[in-house]
Amino acid sequence: LKLAKERHAVVDSKFSQEELKEFRQVFRMYDDDGSGTIGWLELQSMVLGVVPTLDQNGIKRLRAMFTKFDGHGGKGLDFPDFLRVMRGVLDEDWHAHSQELKRSNRLSIFEAP
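This note's numbering numbers the first residue of the sequence shown as -13 and each following residue consecutively.
Since the hints were derived computationally from the structure, they do not count as laboratory data. Remember, predicted model here, so these are calculated numbers, not experimental data. Any given hint might turn out to be false.
What the hints assert, rightly or not - Result set (BS3-like, lysine-lysine): computed pairs, CA atoms no more than 25 Å apart in a straight line: (1) K0 x K(-12); (2) K61 x K7; (3) K(-9) x K61.
Construct the complete structure from the given sequences, taking the supplied hints into account.
And the structure:
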């Protein structure tokens, strides 16, 4: 069941193998307690580390995505949930920060296509 959920998230997100590898590394890096899930504070910390200029509206949008895809009733995002949030972040108008990301050379996965 867990593997099937991950397979569906991989297909649905349409990330390349390289992007998936990078996302898995990021997920593990921010799974502070090793629980296999990323909580709201961990996700917020990760995104603010990549996009330090994110405003309150952006944080609210991120929180809404977190809530939408948290398949564990507030316990956090597992890797498939995390992929869905990242797809949502990339599909929304977050690319305004792409120049900042390129200058800082942080996480190529957040660059605009």
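Hint-by-hint comparison with the structure:
Taking the CA atoms of K0 and K(-12), the gap is near 19 Å; set against the 25 Å cutoff, the hint holds. Simply put, K61 and K7 have alpha-carbon atoms about 24 Å apart, close enough for the 25 Å limit, and the pair holds. In summary, the hint linking K(-9) to K61 is supported, as the alpha carbons are separated by about 17 Å, within the 25 Å threshold.
In the structure shown, no violation is registered for any of the earlier numbered hints.
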